[in-house]
Amino acid sequence: VTRETITVALAGNPNSGKTTVFNHITGTRQHVGNWPGVTVEKKEGIIQHNGYRLRVVDLPGTYSLTAYSVEEIVARRFLVDEKPDVVVDIVDASNLERNLYLATQLIELGVKLILALNMADVAEARGHHIDADKLGALLGVPVVFTVGTRNQGIKELLNKVVEVAEDRETSSRHIHIAYGGELEKEIKKIQDVIWQDPSIGKRYSTRWLAVKLLENDGAARERVGTLGEIGGRILAQAEAGRARLGEIYQDDTEMVLTDQRYGFIGGALKEVLRVSAETKFDVSRQVDLILTNRLLGIPIFIFFIWAMFQLTFTLGAYPMAWIDAGVGWIGGLAASALPAGVFRDLLVNGVIAGVGSVIIFLPNILLLFFFIALFEDTGYLARAAFIMDRVMHVIGLHGKSFIPLLMGFGCNVPAIMAARTLESERDRILTILINPLMSCSARLPVYVLLAGTFFGASAGNAIFSIYGLGIALAIAMGKLFRVSLFRGDSAPFVMELPPYRVPTLKSLLIHMWDRSGIFLRKMGRVILIGSVVVWFLGAFPRHAVVPPAAAPGRISAGELAADSPAPRPGAQRSGHGGGVSEEERLRLEGSYLGRLGHLIEPVFAPLGFDWRTSVAVISGFVAKEIVVSTLGVLHAAGADVNEESEVLRRALRASGMTPLGAYALMAFVLTYVPCLATVGAIRRETNSWKWTAFSITYSLTLAWVVAFVIFQGGRLLGLG
Amino acid sequence: MRRLLDKELLLKSSVSLREGAMIPLSQFKEGERGVIVKVQGAGAFRKRLQEMGFIRGTEVSVEKYAPLRDPVELIVKGYHVSLRVEEAARVLMEKQEEEGA
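If you read the protein sequences in the order shown, they are chains A and B. According to the working numbering, the stretch in the first sequence is residues 1 to 720, in order. According to the working numbering, the stretch in the second sequence is residues 1 to 101, in order.
Hints are computed from structural coordinates only; laboratory data are not their basis. Each hint can be trusted.
Label-pair restraints from in silico Cβ distances:
#1 Glu59(B) with Asp133(A): 23 to 33 Å
#2 Ser441(A) with Gly41(B): 39 to 49 Å
#3 Glu644(A) with Ala42(B): 50 to 60 Å
#4 Ala42(B) with Ala321(A): 51 to 61 Å
#5 Leu485(A) with Ala42(B): 15 to 25 Å
#6 Ala89(B) with Arg244(A): 29 to 39 Å
#7 Gly41(B) with Gly267(A): 25 to 35 Å
#8 Ala42(B) with Gly456(A): 49 to 59 Å
#9 Ala89(B) with Ala240(A): 29 to 39 Å
#10 Val287(A) with Ile23(B): 26 to 36 Å
#11 Ala605(A) with Ala89(B): 53 to 63 Å
For each residue, glycine too, the CB sits at the ideal point set by N, CA and C.
Work the whole structure out from these sequences, hints included.
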């Protein structure tokens, strides 16, 4: 019988195996969301243990609680404001000294703490023997050994959680990290001022607050600043203390405090850690002699990435074909089962086609994330960042941005989701913003159609130059955003290179499943609504045959007469089975989509786009491959044309489009919003409509400017 | 005015008095090691490095430079960590002789 809910927070350094422990505790009963207002992932799960209901919250992995990074702020805010009943600090037992730094901060915060010495097997193998009882006694916290990868010690850990929550644990004792004479004096002075208002002590540990103020901690100062008159006096006392201590130690007080904490840890370790003949043979180091080798490192990295893409897109092609066929079959079934009409149209062309356009990505996403999880869990991702950082730093990005950007050439959706591997929120958002400039595979058909039509033998060069243009724009925008939106010194590149580890299949699968679930649930909604809207625009009004005799109508009528001889005989000669041609073309032209095309034609005219191109570009919001089929319909070549269609190519040449105009269109297709799924991914991953709107706006503006410069610049140079 | 408060501080300041012998970590070659004398730079940078264990008196060894010569992989307090070369230049070291290592 459930008696009460105990909230347990899991804290720990990155690479401490925290996620594995969390996965073992909660299994599949976990909920993945975001911490409010930030892009940091929040995982929690509810389990039953010994009649208690445990709500387990996985805090972001952090090295400390200083509140410099978003992750630290989030973790600290949860600990201070939501006051979890128990905090479990997952510690890498084989890397005890640095991992205990976070523990000292947790002790200082005054939370009910349990230390889980994880990867106890690795520590033992390295000849590190830890006296857990003594460590627990020195820190005043219960200590449990765990081996997350083998699910050992998890039950004992949960038993301890209940004991500590119920105050039945005898080893729990509140200790102070002793800072020594002068520092303690100043801490006491600040505490004395704080105690003048007893209500503050009820909300925060006064010692913790005093220490934080001596560290000149921004978040703590902000909190105290809101306390009114007493707050002012506390801050003044802290300021005086900092000044005096700075005089004494000839250094910033926060540095002295950090020194002292490591001093405390060093002292404790002397008593509890015994290293028996450190094993000289370090497998991880040997592996790295090859994988990050001066000469071999880069070729091996390129090979891994190549293999990842090959496997993803060749293996993924089979299930994608099945899904495509399945969606087509269901659509056909619905089409034949239902009476003709708006409802059938909505269901078949709007909903089923829309859902189909979402789940078609699923095989690629599952596979790409399997590989990313593999890179991450083995520790190779950090090496990839190590190898590529020099290149990425040129754009002001982190080495870890390289993989998400590269994945963009396959599909921007998983690529944007892969930006999660970046620790800094600024790097993450910047990587997401420039990711769509990596030309995804769905844009290739458009390039093939246009380049094949207008550039003949140099089509390949034209397409290649478009990919190059995308990379150049990404570099330029990256630099621009770095100096405008993300000013200030970037976080130092202090990246841990954890020992290589053999990942567990369970955590790989959970990782893969998380991503895919997010994709289906959260993005699906955005994509489905978008698809239905574009379907509606193209399908209504129902029976308008010719657009009203407004200005746009006249233009189109003139164009109709001018270019109808060219495509129509072509369509007849080839005996195109689509059977759309003239009627469908007129219907689409009369639809809201067609009218919209006419309406915004003046906007696109300086880029050399006519109304048909404008309509194709609008419909391309849903997905880039639609640009080709829309052009097919509008040029009366049929909807089921592909990029190799000779009919459509002839029609395009006859429509008055020039090579220069075609190149401007290719550049536009490269640069503007790749597809609705990408918009969904950006919304989901930035957790912000503001960034989503910004991404759409900037890419549209940039696309217009780039196409304008190409078209008008080319004309000035006499190229078109 | 400098008041020395405890043994530890006395020890540390005696290190910093020999500032003439300081070499930026970025000038270390692969396999070389030394002891941190001082970390320069803005507060956030120094603090982050300190939290990761770059404390005065701590031994650091250069494991290797990346294929493009930047960043650099270091071993500090028993774990591997990488820093950009420009960041490593702000960590001032006292080199340890080979035989002392």
